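Novice: Sequence:
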Amino acid sequence: IEGIGLAIVIAVIEFLWDGWRPYSAVLGQAKGVKGYHDIQRYPDAHLIPGLVLFRWDAPLFFANAELFNDRVLDAVAASPTPVRWLVVAAEPVTSVDVTSADMLAELDDTLHAAGIKLCVAEMKDPVKDKLKRFGLFARFG
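Here this note's numbering is used: the first residue of the sequence shown is 2, the next is one more, and so on.
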């Protein structure tokens with residue numbers, strides 16, 4: 002029984018850690034593989050000039066909103082070509098809270114001031130519904 006309790010505690014800690022410090026990636030087209038993939042895992046992946054395709058593998062919420070913002074801006078800064086579009090591949094994003102919605106609005110303002118259009122792709126319907134309630138969906142569609 003003690004082992005089961007310890008396993009549950011470890012699983013909960015891992016779950017929380019994954020939410021606070023989730024995996025993210027800049028995506029590119031790798032030869033011989035369909036779709037877009039992490040350029041760190043596929044160093045030969047082709048980046049599309051002027052575009053950063055960014056994936057975030059977690060819900061967006063108060064505990065990771067600032068990290069999301071920082072990683073997006075780092076991805077833009079690391080782009081080998083001037084960025085005109087930043088597309089968030091949002092299929093793994095299962096939720097957005099008020100704090101992260103505010104962060105997205107501020108991030109959009111920051112990127113817009115730099116001449117970069119923020120878009121979101123593959124967003125789940127419940128997340129779209131939340132962004133609509135927050136009055137933000139039209140900004141990123």
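Hints were generated in silico from the structure; no laboratory data involved.
Incorrect hints may have been included.
[Said to hold, decoys possible] Straight-line distance between alpha carbons at most 27 Å, and here's what the computed DSSO-like set of lysine-lysine pairs gives: (1) Lys129 - Lys118; (2) Lys118 - Lys35; (3) Lys35 - Lys125; (4) Lys131 - Lys118; (5) Lys118 - Lys133.
Quick caveat: nothing in here was measured; it's all calculated off a predicted structure.
Novice: For which of the previously enumerated hints does the structure constitute a violation, in increasing order of number?
Specialist: none
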